[in-house]
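Engineer: All chains should be built: construct the whole structure from the sequences, respecting the hints.
Same order as they appear, the protein sequences are chains U and F. Numbered by the working numbering, the letters in the first sequence go through residues 55 to 1099 in order. Numbered by the working numbering, the letters in the second sequence go through residues 30 to 453 in order.
Hints were generated in silico from the structure; no laboratory data involved. Glycine residues also receive a C-beta, built at the ideal position from the N, C-alpha and C atoms. All the pointers check out, no bait thrown in.
Each computed DSSO-like pair below joins lysine-lysine, with the alpha-carbon atoms no more than 30 angstroms apart: (1) K125/U - K328/F; (2) K931/U - K1042/U; (3) K804/U - K425/F; (4) K105/U - K221/F; (5) K1000/U - K370/F; (6) K291/U - K1016/U; (7) K434/F - K818/U; (8) K544/U - K221/U; (9) K125/U - K71/F; (10) K1005/U - K125/F; (11) K722/U - K684/U; (12) K133/U - K263/F; (13) K161/U - K563/U; (14) K450/F - K1016/U; (15) K1005/U - K431/F; (16) K418/F - K1005/U; (17) K245/U - K281/U; (18) K126/U - K316/F; (19) K221/U - K245/U; (20) K1005/U - K1042/U; (21) K418/F - K1000/U; (22) K818/U - K431/F; (23) K370/F - K125/U; (24) K1042/U - K779/U; (25) K450/F - K431/F; (26) K804/U - K434/F; (27) K931/U - K1016/U; (28) K450/F - K161/U; (29) K125/F - K431/F; (30) K133/U - K342/F; (31) K221/U - K481/U; (32) K433/F - K418/F; (33) K126/U - K450/F; (34) K534/U - K221/U; (35) K342/F - K534/U; (36) K412/F - K818/U; (37) K1042/U - K804/U.
Distance ranges between label pairs, derived from CB positions: (38) P123/U - I240/F: 22 to 28 angstroms; (39) L969/U - E67/F: 43 to 49 angstroms; (40) D143/U - E255/F: 31 to 37 angstroms.
Each chain, letter by letter, is given below.
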Amino acid sequence: MEQKKYWQSFGEFTNSESFQKKQQDEFQEESMAESLGDLANANTARRDFLKYLGFSTAAAAVAAGCEVPVKKVIPYVNKPQDLVPGVSDYYATTFVSGGDAIAVVAKVRDGRPIKIEGNTLSAINNGGTTARAQASVLDLYDTARLRSPLVKGNNGFTAASFENIDKSIADGLAAGKVVLLTATITSPSTKQIIAEFLAKYPGSRHVQYDGVSYSALLEANEASYGKRAIASYQFEKAKVIVSLGADFLGTWLNSVEYQKGYAAGRKINPANPEMSKHIQFESMMSMTGANADERYTHKPSEAGAVAVALLNALNGQTVTGVSDNVKKGVEKTVAALNAHKGAALVVSGSNDVSVQLVVNAINEAIGANGTTVNWANPLLIRQGLDSEMAALVADMEAGNVNALLTYEANPVYNYFDGARFAKALAKVATTVSLADRMDETTDLCKYIVPSHHYLESWGDAQVKEGYISTLQPTINPLFKTRQLQDSLLKWSGSTVSYHDYFKNYWVTKLGGEAAYTKLLMDGVNEPVAASAGTAYNAARLADATAAISSAKKGGKYELVLYQKVGVGEGRQANNPWLLELADPVTKACWDNYAMISPAAGKELLGIDITDRQQADTYEVNPEKPQVDVKVGNTTLTLAALIVPGMQKDTIAIAVGFGHSEKVGMAVKNAGKNAYTLATSTNWNITTAAITKSTADKYPIAQNQTHSSYEGRHEVVKEELLAAYKKNPTAILDGREAELKAWGGVKDFEKEGTIYGVYDRPGVKWGMSVDMNSCFGCGACVVACNAENNIAVVGKSEVMRFHDMQWLRIDRYFAGDPNDADSIQTVFMPMLCQHCDNAPCENVCPVAATNHSSEGLNQMTYNRCIGTRYCANNCPYKVRRFNWADYMGADSFKDNQEFGIVGGLDDSVLMMNDELTRMVLNPDVTVRSRGVIEKCSFCVQRLQEGKLKAKKENRILEDSDVKTACQQACAGDAIVFGNVNNKESEVSKVRTENVNRLFYSLEMIHVLPNVSYLAKVRNSDVLAAGGHEEAHDEEKKEGAKEAAHH
Amino acid sequence: MIYHRPFSRLVVRSLFSIVFLFVSFVALAQPNGKELFEANCKSCHAIDANLTGPALRGVEDRVPDQKLLYAWIKNNQAVLATGNKYFNDLYVQWNKTAMNTFTGLADADIAAILKYVSEAPPKGGPKPPTPDGGNPDDKAAASDNSLLYGILTLILAIITLILLQVNSNLRKLADDKDGIPSAEPIAFYKNKSYIAVFAVVLFVIGGYLTIQGAVGLGRNKDYQPEQPIYYSHKVHAGTNQISCLYCHNGAYEGKHANIPSVNLCMNCHTTIAEYKGEELFKEDGTKVDGTAEIQKIYKAAGYDPATKKYNDKQQPIEWVKIHNLPDHVYFNHSQHTRAGKVQCQTCHGPIQEMGEVYQFSDLSMGWCVNCHRESKVNFYDPKTGEGNKFYSIYEKFHNDIKNKKVDSVTVEMIGGTECQKCHY
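Structural biologist: The structure is reproduced here in structure tokens:
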């Protein structure tokens, strides 16, 4: 079956010298002598050393002889009835950030929320979460949160009491003409409070402003459908999905819902193998694009032309005005769309009204209106209009605004004309910020009344019309903060608390207290799913196509701004978990950078990445050459990352970075603010100028490229849908042939080894990962961080390949780096495989890692002496070593220092703060310096699940145990359970999909307990390694073999 | 080379004699009843008090048939299966709490235990006079024959030394006779052989003591700190028979047993404001005023017994934590009390007799693992409907029991001694 060449880095692609050298070492360290530097040359004599040794031994003996410290145990005076210390409670609430809202369940342990799970009662996310929702619990304990109301005086901000600040603000508001500037508010009760508040002050208004604008989509929908709203996109009903630059699996609108729907169409039913076809037209290499079956790249300035070409082709006209590759793509796409009318969907990520109008026309033509574009319950999470914001700035400049209240809005930072907004802000007499931290806009305001974190708040949210989810506090407010609603009620003269208001609102609405209690308990109240279309109006279409065809052509290079799946628009910027989450495509973290194509790399930087030597020089060191990106008068100097799959003349830069230092310790020095490059809310910028910078190289921390599989390419398996249909057993046959000499698939365990075969009575844990529904979003990675107390190591440590994440998502490219459209990407979650014949276990000199009767590869920290033999011997490279005391677990302060090499980053020290440490899971040991750690299959959950079953006197069920990664996944890619139980889901998945099942590196007989289901691609070709592409299949096989031997 | 020979021979000889000493020491050792009792019986039985199982004093009178008694101690399940009336009645009387089996004990071991039980002086109260009219201290009885062995060892060692000296003198004489010139006599403290022997002995003894000391670090068996309130488990759990779980309900629900909150104390102490029971004494013999101790609860709760009203001056009680496990150990009470049906006293000792609580077990890993090796898993028996259905997934073991391959399954057999059962 092997026919592709996969590569994680260009070095691997060209098999360069450094790459080969790199394969020798598990942990790429400077040699001891190098890192010790002066120490090696120090003139401490041997005798002195022995004296020190003797003294420290004696000192330790004396210390050990001391009394054991007295520990206190202090019970409650008055214990809340339902609380049992040591037992977790779960409260349904809603993750709210900007307009985003995801129904979640917060795990509260001894009064502290420590983990966020998706709420399975919600039909929208059905238990799925995003990386940001997972990481949000850490924001609660952010050291940069404001701790009391503040008033600006001549010497900066001073703390104030609520009483005093309320009085001052009330005076300021009295003059009327108040503007409340917020992100999209989806809460119905809050909207009512806002209306009451505004009514109190004549000439006031509410302006909604989203950092990432969807204004064009709203406006186009108003023109086409008469509704200024966003339809519910039903990806699960679409057989053909066409995305014009929309990153709908990562950052576009309600991605968690779209992941669910999309995954439904990507799951393969072995009895009737069918799947949706996903075609992506885009300029940059987005995560969604990386998942597409077919992908066509175009210049950002052609985005409109592509949409028009698609519409024209659907109407039977010839395709003009686009490049040849796109033309070919449009023709194929139209054929697919025509074949699936009523079961097709086209979405566009453009913030250009014309493009969105054309897309609406396309959706009308393919019968999407009322099927995949569902108007029964429109999406409400983005309501900000560019025109309103523009009018506000103009009003502020004209002095027509007396008071401005901002909440979850940071235009000074992320408005395309932030500087102008900042200037206009100075003309407003009373400025009040309700932000939780000193962000760029808040810093310029006069009064700050910090808001609660959502985990401290009451509230409600309405993601889609009629889909209600509620918030309830899971912890007492940590600081002197007050939530928006309470502040507005106070300032509108009401004496009611928001909690009472909220309760009254829903009791009235639902008709009774019982219904209200149920709503709080469930966290959601949702209508029966409905489907409806709406009347389409093509009136503005002609104008739109005309506008597109007359649009200016761009320069040589063009720029797109995008959001990273972790950091997004930068709202949770000071979150170390999100900052350390590797970008799915570039695998870089802690920074933003300019993504450029290999062709641009050659032109701009003179680096030919298909040349071994040059690829080496560029790739091996974290330091990358920088480019100057100039738009108008703004220049940003950023490191350039050469990324295959980028359109050759496109540069892509992520927003959300480059915050001011006051936003937090972790975000300090992380990247640069790319919002400053925007010329409007449309992020396709055609007028950018890019040159090689004269500045020094800048290091970028990437966290996949350093682990090597030693050229074993059997790590991933993939095939085409057509081939799978024709010969469903191809992969199984391949395994059979490969293992034939050792008893074949059936007897491989016994025949392939000289070791004995062990019984696994009772439980045997196993995991199955469906690579067809893993999109690389990283929600699982953050969930794993939160559940298992995994250390944040900071950029400097990631650069030294000391990253600690137990679960990583490997990204493989295949195809010709010089042909962007040929690039195919595979995402593979890689974690400890819990091998039954584990190579790590038999090299441990102290048996700190060994096997359990339940099939777990156990890691015992208190026994580990840190030889790292296990990590060297792990074929999957999933073991992590604690090079320093990242978590502050040791009583020796010096274990956080590297002496000569340097200390730990601020972000790591922030995670060691008493406040931040409240997020730690008390059921999991915090690892100290010098021990190895790795995925434990969430053993604390397994033990808890088994205990639950024992207490209830019944056998173990699937629902008792869910690993953190499994629970977080919106695509349901991960299934986990007891494989000894033939009725468990994991057993069923394995037997039903036996044709797609494979074990990574199966032939080395490590017997993993994690199985994968091969990726099936609904495409015509499987990309091969660049040079082999032209050959037919058999020749490729031969060439691959030749390349290996 | 010749020069070295006598020296090396001597070293070999002295090593031999040391080994001989050790071997003879071991050979002389008889089964130690006290040690065996403490290792095997103590977690469930006391000599004079009922714990998880009945008090053991007089057991030989209750079961005169020595063979039966030995069979019962080795494998009680087998005895029960024979339908023996006395033991079946006893089993029912003790709430069908199954006793561990001790198939590993030899008859001599059991005899030693029973001897120890019969000879042990009753704890507390007047000590019975011994035949010679003395009143031996507990400690002296406990130190058994070690002293004797020690003296024996010493005597043997001296004899060995003398013999060695004699040997060397004789050889010297013989050498003189043969005309072989002998080396200059050296003082014994300069004699390398002696130094070597001394160093080896020092190393062995010192090493043993160091390791024992290091192993014991952080273990606090018998730790009995003074608490802010003299709370007597003897009064509450012993005299008044309050269920452990009434206050420590966490032990049944989750990981921590939990010290009860003050409001829980007040459930009873709103009406019980005065202590009227037996006199209370601290460990050091000072008398305790029970009523004054109850007043301390009122203070913590902010309660005025006169007006029966609470004020807002409440303050939590800072108890001293007695049972401490290292941070890298996960221990869950409910796993043991609810799933494992282990009695509190198994680990906490005769808590119902403690005025002030002390740490009964050493809470060491060896102690945990030993219990996991011996404890039976509560397998589900479809005939009686007893046992935990969770374990029905262990089909292999159920079949083994059915086929009489094993008669019971221990915690160890289902993986109860694996690292990641407690360390993660």
